[in-house]
Structures are given as structure tokens and as C-alpha cells.
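Here is how the chains run, residue by residue.
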Amino acid sequence: MPTPLELIKKKRAEAVSRIIGKGYLSTKRVYVGMATCEIAAGSKDVMEVFQKAISRGLTDVYLSQKGCAGRCNLEPTVEVIEQGKNPVKYGRVDKERAQQIIERHLKNGQVIQEWVID
Amino acid sequence: MTATHRIILCDGTACINSGARKLTALLREQLAGHGLSDRVTIGLSGCLGMCEKGPIMVVNPGYTIYGGLVESDIPEIVEEHLVNGHPIARLAIQEDHLYNRFFRVFGDAKFFGKQMRITLRNCGIIDPENIDDYLSLRGYEALAKAITDLTPEQVIAEVEKSGLRGRGGAGFPTGRKWKLTAAEKATPKYVICNADEGDPGAFMDRSAIEGDPHTIVEGMAIGGYAVGAKTGVVYIRAEYPLAIQRIKKAIEDARAHGLLGENILGSGFSFDIEIRLGAGAFVCGEETALIHSVEGARGMPRPRPPYPAAVGLFGRPTLINNVETWANIPVIILDGANWFRTVGTENSKGTKVFALAGKVVNTGLIEVPMGTTLREIIYDVGGGIPFGKSFKAVQTGGPSGGCLPAPYLDTPIDYESLAKAGSIMGSGGMIVIDEDSCMVDVARFFLEFTQDESCGKCTPCREGTKRMLEILVRITEGKGQPGDMEKLERLGGMIKKASLCGLGQSAPNAVLSTIKNFREEYEEHINEKKCRAKACKSLIRYEITEKCIGCGACRRVCAAGAISGSAKSRHVIDQDKCIRCGMCFTACKVEAIAKV
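Chains R and V are the protein sequences, given in the same order. Per the working numbering, the very first residue in the first sequence carries number 47; after that it's consecutive. Per the working numbering, the very first residue in the second sequence carries number 331; after that it's consecutive.
Rather than coming from a laboratory, the hints here were simulated on the basis of the structure. Incorrect hints may appear among the rest.
Unchecked claim - Lysine-lysine pairs mimicking DSSO-like chemistry, simulated, CA-CA at most 27 Å apart:
1) 90(R) x 579(V)
2) 55(R) x 919(V)
3) 578(V) x 68(R)
4) 74(R) x 440(V)
5) 877(V) x 925(V)
6) 898(V) x 919(V)
7) 90(R) x 578(V)
8) 719(V) x 860(V)
9) 877(V) x 55(R)
10) 867(V) x 68(R)
11) 56(R) x 578(V)
12) 55(R) x 579(V)
13) 55(R) x 98(R)
14) 56(R) x 475(V)
15) 56(R) x 925(V)
As the list claims (entries may be wrong) - Here are some chain V residues the structure puts well away from chain R; computed CB gaps all over 10 Å:
16) 457
17) 694
18) 913
To be verified - Not the full set, but computed from the structure, chain V residues with beta-carbon under 7 Å of chain R:
19) 435
20) 477
21) 478
22) 482
23) 537
24) 541
25) 574
26) 575
27) 695
28) 696
For each residue, glycine too, the CB sits at the ideal point set by N, CA and C.
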């Protein structure tokens with residue numbers, strides 16, 4: 047009979063493999079803030095832009111929602127995380143900026159410095 | 331040029347004492363020598379909680395933590411790690427604290443430098459609606475550890491040893507509360523999460539639940555195991571639909587994984603959670619009023635003792651803690667009380683979450699180690715006061731707290747220091763006030779809120795706050811009388827002494843602290859009928875100066891029809907008609923309208 051601790055470790059391994067199955071190991075992971083505050087600032091529209099891009103063939107991107115990181119005055123926020131690189135955090139992302147992030151950063155690997163939160 | 335690396339140096343007291351600042355200077359020198367100054371940026375952080383291994387340096391990307399550094403290590407780090415790209419295993423320390431994960435993503439941003447995320451460790455880095463995300467970051471491992479390796483007494487001992495105190499504001503030692511509830515013989519027992527967040531401008535609990543609901547579920551289950559309760563209740567206000575939706579989903583998902591319900595993980599321990607919605611009364615954040623509300627009765631407080639630990643929900647022993655308190659529990663169990671105790675001050679351990687709002691550049695939700703000063707929060711994290719204005723006061727603790735002026739900026743954040751300064755820790759509201767705000771008006775705003783939210787049970791609170799508000803309104807309207815301040819102080823003292831619950835006992839704080847710290851502003855209002863911040867409408871008037879170019883913009887926006895004048899000549903305001911709405915002031919493009 048496995049102990050609860052052994053069971054939870056098994057559950058964790060299963061959870062990790064499910065996340066990987068959803069494409070977590072893609073080159074780029076994109077997180078869109080989706081707390082009440084972010085949504086009020088317009089993050090649902092931003093999320094839609096990314097979702098549409100993926101359904102229209104943008105590949106090698108893992109898209110996820112996330113809670114509030116606390117940068118109220120810069121919301122909506124979007125993070126682009128790539129293995130081995132500094133995570134890039136964008137602020138005040140609207141539909142237009144989201145589109146630019148897809149075109150310039152996700153497709154061409156070019157960080158859009160002026161929107162990066164420092 | 332885009333930076334390739336971002337280095338964080340711990341700037342906590344312990345690391346400074348072991349030579350961190352010397353290393354920082356040396357690092358800058360070395361970087362310049364290698365021509366890397368543009369490519370590697372350096373940031374300072376507050377205490378990273380690894381004091382015994384200091385000085386600490388974190389190299390991003392990769393979040394490589396180097397510890398115990400001496401000067402000769404710096405050239406090696408620069409050459410091997412930064413130039414050649416080989417992290418140095420000899421110097422790296424393996425610190426898998428739960429909070430580290432957040433900083434792998436956000437650690438290089440200045441805003442997060444002085445912060446330390448223990449309770450908000452997952453907020454902003456996981457999908458709150460996916461239990462897999464939480465499980466992958468050692469979620470529910472603390473619960474499993476508790477029910478596998480620890481007896482309920484050992485869990486309580488660990489919480490007690492951690493020094494954690496109630497984050498709802500009062501700061502009662504959490505471990506002692508657990509012990510008291512566990513010692514009660516009556517059954518069934520209950521566990522409650524107080525998510526009835528009501529301070530104006532506060533959103534700590536909402537963000538915590540929306541960003542990481544499973545932490546609360548896990549914390550409550552551990553609490554249930556420790557005190558012998560099978561049922562938990564999350565009391566959350568109905569105004570938080572998304573938070574409700576996410577905690578609901580978290581509970582369902584946890585149930586589906588066998589992490590809630592009967593016989594959790596085959597341990598024989600059973601625990602489940604239900605949700606109760608509050609209708610948004612401020613007083614229901616008070617524990618006895620909250621319990622009445624859960625029972626279906628009117629949300630009014632009752633005298634204590636007996637405390638809920640003995641006589642709580644449905645008359646049974648009840649453990650009630652705030653959202654933030656619960657979120658600390660999994661960390662204390664996994665990382666240990668000994669580690670938790672290294673963060674914070676002597677009598678206040680761990681971190682505190684604040685909703686930083688008002689006249690500050692970076693408004694936001696922050697979490698800082700106890701002992702961080704108000705100045706560090708407002709200037710280092712918050713980025714200071716916008717538009718070059720000057721700082722006037724900071725209001726902590728919401729409507730129950732007080733306003734602290736500039737001399738108190740170096741007050742460290744902990745329960746005792748804030749109380750000594752004349753405010754309270756509260757649940758985490760922090761509002762920064764600049765020179766444009768009138769302190770009498772600020773006091774009036776907060777009292778208006780508490781007066782409105784008074785449940786009416788105690789006469790001093792019900793009637794007293796009403797009378798105080800009348801006097802304050804009178805003062806802001808320029809009808810203040812000599813003796814008003816003394817009357818406010820006397821009434822305030824009485825209300826504090828003669829009210830049953832925290833609402834009444836703290837309602838006069840905003841008024842009393844502003845009288846104490848900004849007495850001259852009250853005196854000006856009463857004696858000279860003057861408002862120095864030019865915020866009290868009745869005490870100011872608008873005038874058009876000779877800068878006027880006669881464009882007519884003010885005349886067109888004036889709803890009262892008080893402005894007249896012909897094109898290209900100076901306009902005038904009819905003071906009898908003017909309602910002091912300020913529309914003309916905003917509309918004027920040449921700053922020709924003056925507030926006097």
C-alpha cells in the first residue's frame with residue numbers, strides 16, 4: 047500500500063506528463079494574465095488574438111492563462127518564456143500589441159524592447 | 331543592446347554584513363573590464379531567505395543561485411559563466427524553496443526586487459484553473475507529508491514554531507489558535523477561510539484566490555487534519571465572481587483527484603470544503619459576524635469570549651483564518667518552520683501582502699518580507715510619487731488603520747512597529763497620499779465608509795460614527811467651530827472603548843491619527859477656512875488669470891453657466907453661480923484658471 051506521499055509524487059509525475067502532452071516543451075511558452083483586474087484591462091481580447099493565431103497555424107507555442115502577478119498599472123501583461131533565455135514580460139498589451147508580439151517575437155524571435163516591463 | 335544576463339544580488343542585512351556590497355562593486359568592475367556592462371544588468375533584491383549561505387547571487391536566465399561568495403569567485407563567475415556560458419557547479423547552491431519558482435520568471439524585474447513571494451508564490455506563473463499546474467509545482471505535497479509523516483500535534487507544533495501570525499490584521503499567533511481549537515473536545519469541528527475582503531482599494535485575497543486557489547484548499551485541508559475537522563467553509567463575497575468560480579473548480583478538481591473527500595490519499599483522513607457567499611457587508615469580515623452569516627443569521631458580531639475556537643460555527647469548535655494565513659501553511663510544512671523563521675523580524679515572521687494603491691508610480695499587488703520599511707515599499711517597489719509631487723502620508727490597514735506622515739517612512743513593517751506608529755498592519759491595504767489630498771477629507775472618506783458599514787448593534791459605533799462624520803463634513807465645508815477637534819477626539823475615544831467588535835474599535839483611527847499627525851490642517855480648516863491641498867470644494871474658488879487667451883473652452887464646459895466673456899478677451903467666473911466642479915480647470919489648455 048503506497049503512502050500518501052508516494053501517491054502524490056505519482057500524481058505529480060502524471061500531471062507533468064499531461065502538461066507536456068499539451069505542448070509544454072514547445073520552444074516558446076506564452077502566459078496571458080487572466081485575473082479580474084487583467085480581464086477588466088482587456089486581456090480576454092489579447093487571449094483571443096493568441097488563440098486565433100494558434101488555430102490558424104502558429105506552431106511551437108504553448109499558450110496558458112495565469113493569475114495576477116501584481117503589476118496593476120501595466121496590465122494586461124503577457125510573458126514569453128523560452129528555455130535558456132531571460133523570460134520576457136510585456137506590459138499594457140492590447141490586441142494590436144499581441145499581434146505584433148506574434149509577428150515579431152514568436153515568429154521571428156525579436157524581443158520588442160519598448161514594451162518590456164523592467 | 332539587449333542584455334543577455336541579469337544578475338540579482340541579495341541586498342538583505344545578512345548578505346550586506348557578509349560583504350555583498352563589496353562583491354557588487356567588484357562585479358561591476360569586472361564586467362566593465364570584459365566589456366560586458368551593456369550585456370549584463372545588475373539588480374539588488376531584498377532578503378532572499380538564504381541568509382546562512384550569504385552573500386547570495388542569482389544569475390538569470392537559468393536562475394543559478396551562487397552562495398557563500400568571496401571576492402576571488404567573482405572573476406571566475408564572469409569568465410566561466412557569463413563569457414563562456416558554463417555555470418559553476420562548485421559555487422551553486424541547491425535551494426528548492428517554493429517561492430523560488432516565481433522569481434525564475436519575474437526575478438529580474440526591478441519591481442519584484444525587494445519582494446519575496448511566499449503566499450503569492452504561484453500567482454502569475456501557473457494556470458489557476460488547471461490542477462496539473464499546481465501539482466507540478468509540488469502542489470498537495472505538504473498535505474501528503476502532513477498526513478503521512480506528521481501527527482496532528484506535530485503539524486500544530488510546526489505552525490506554532492514558524493511564528494506565523496494571523497494575516498487578517500489582528501496578528502494573533504496562528505499556531506496558538508490551532509492548538510486551542512485542537513484541544514476542544516466537542517465535535518464536529520469546522521475550519522473556515524475568511525475571504526470576506528472589504529477594505530476599499532484592497533484586493534489581496536481576490537488575487538490570491540484567482541491566481542492560485544489550490545493553495546487555499548491545501549492549507550485548509552492541513553488545518554482540518556491538525557485540529558480534527560472534517561468540514562471546511564470558504565466564506566467569500568459574491569462580488570468576486572471569478573474568484574468564486576476558480577475556488578469552486580479547484581475544490582471539484584481536488585475531489586476528483588482524491589485530495590478532498592473521504593479517505594484522502596488512502597490515509598483514512600476525510601475532509602471536504604463548501605463555499606458560502608457573503609453579500610458584501612464589511613462587518614462580516616469580523617469572525618463572529620462571519621460565523622453568524624454562514625449560519626444564515628444576520629451578520630452581527632457577538633462578545634468574545636467564548637472565542638470561535640471553543641464556540642464557533644453552529645456552536646462547535648471552529649478554526650477560522652484569513653486567505654493569506656492559509657496560503658502560508660503549505661510552505662511552512664514543506665520548507666519547514668526553521669526556514670520560515672529566517673524571514674521577517676523578531677516578532678513578525680514571514681511576509682505580508684499589500685495592495686499598493688493611490689499616488690504611487692507602480693500600483694500593484696506586492697509581497698514583502700516583514701521588516702521592510704514603508705520607504706522601501708513606496709520608493710523602491712512603488713517607484714515613488716508620480717508627477718514630481720511630494721509625499722504626504724501613507725494609509726495602512728484600510729478604514730481601520732491610520733495615516734502616517736513622512737517622519738514615519740522608515741518604520742519597518744511588522745505588527746508592533748505599525749501599532750506603535752499609530753496605525754495597524756490590517757489585512758494589507760496601503761494607500762499612498764500626496765500633497766494634493768486634504769487629510770481632513772481623507773479622514774472623512776474613511777469614516778463615511780465605516781459609518782455606513784456599522785451593523786448598528788452597539789450604540790457608540792452606530793451613533794458615534796454618525797456624529798463624528800457630521801462634524802467632519804462641517805469642517806470640510808468651512809463651518810468648523812473651535813472645539814470640534816476636541817469633540818472628535820472625545821467621541822473617538824469613547825467609540826473605541828465601548829464597541830464590541832473590531833469595526834467600532836478601529837473606526838475612529840483614521841480621524842484620530844490625522845488629528846495627531848496633521849493637526850495644523852484641521853486648524854486651518856476650522857480657524858482660517860482654508861484647505862491647503864485645495865481639495866475641499868467649499869473652501870476654494872476658481873479664478874481666471876491674465877494668462878487667458880479668450881478661447882472659450884472653459885465657457886463651453888461650464889455646466890452652471892457661470893463663465894462669461896467674449897472671444898479673445900479674458901473671461902470671468904461668476905462666483906455666485908460657480909459650483910466648483912473643476913471642469914473649467916481641466917478644460918483650460920493654457921493654465922489660465924487658478925484654484926485659490
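Going down the list of hints, with the structure as the test:
{"no.": "1", "hint": "90(R) x 579(V)", "verdict": "holds (20 Å)"}
{"no.": "2", "hint": "55(R) x 919(V)", "verdict": "violated (65 Å)"}
{"no.": "3", "hint": "578(V) x 68(R)", "verdict": "holds (24 Å)"}
{"no.": "4", "hint": "74(R) x 440(V)", "verdict": "holds (23 Å)"}
{"no.": "5", "hint": "877(V) x 925(V)", "verdict": "holds (14 Å)"}
{"no.": "6", "hint": "898(V) x 919(V)", "verdict": "holds (14 Å)"}
{"no.": "7", "hint": "90(R) x 578(V)", "verdict": "holds (21 Å)"}
{"no.": "8", "hint": "719(V) x 860(V)", "verdict": "holds (21 Å)"}
{"no.": "9", "hint": "877(V) x 55(R)", "verdict": "violated (74 Å)"}
{"no.": "10", "hint": "867(V) x 68(R)", "verdict": "violated (59 Å)"}
{"no.": "11", "hint": "56(R) x 578(V)", "verdict": "holds (24 Å)"}
{"no.": "12", "hint": "55(R) x 579(V)", "verdict": "holds (22 Å)"}
{"no.": "13", "hint": "55(R) x 98(R)", "verdict": "violated (36 Å)"}
{"no.": "14", "hint": "56(R) x 475(V)", "verdict": "holds (14 Å)"}
{"no.": "15", "hint": "56(R) x 925(V)", "verdict": "violated (68 Å)"}
{"no.": "16", "hint": "457", "verdict": "violated (5 Å)"}
{"no.": "17", "hint": "694", "verdict": "violated (4 Å)"}
{"no.": "18", "hint": "913", "verdict": "holds (26 Å)"}
{"no.": "19", "hint": "435", "verdict": "holds (5 Å)"}
{"no.": "20", "hint": "477", "verdict": "holds (5 Å)"}
{"no.": "21", "hint": "478", "verdict": "holds (4 Å)"}
{"no.": "22", "hint": "482", "verdict": "violated (14 Å)"}
{"no.": "23", "hint": "537", "verdict": "holds (5 Å)"}
{"no.": "24", "hint": "541", "verdict": "holds (2 Å)"}
{"no.": "25", "hint": "574", "verdict": "violated (11 Å)"}
{"no.": "26", "hint": "575", "verdict": "violated (10 Å)"}
{"no.": "27", "hint": "695", "verdict": "holds (4 Å)"}
{"no.": "28", "hint": "696", "verdict": "holds (6 Å)"}
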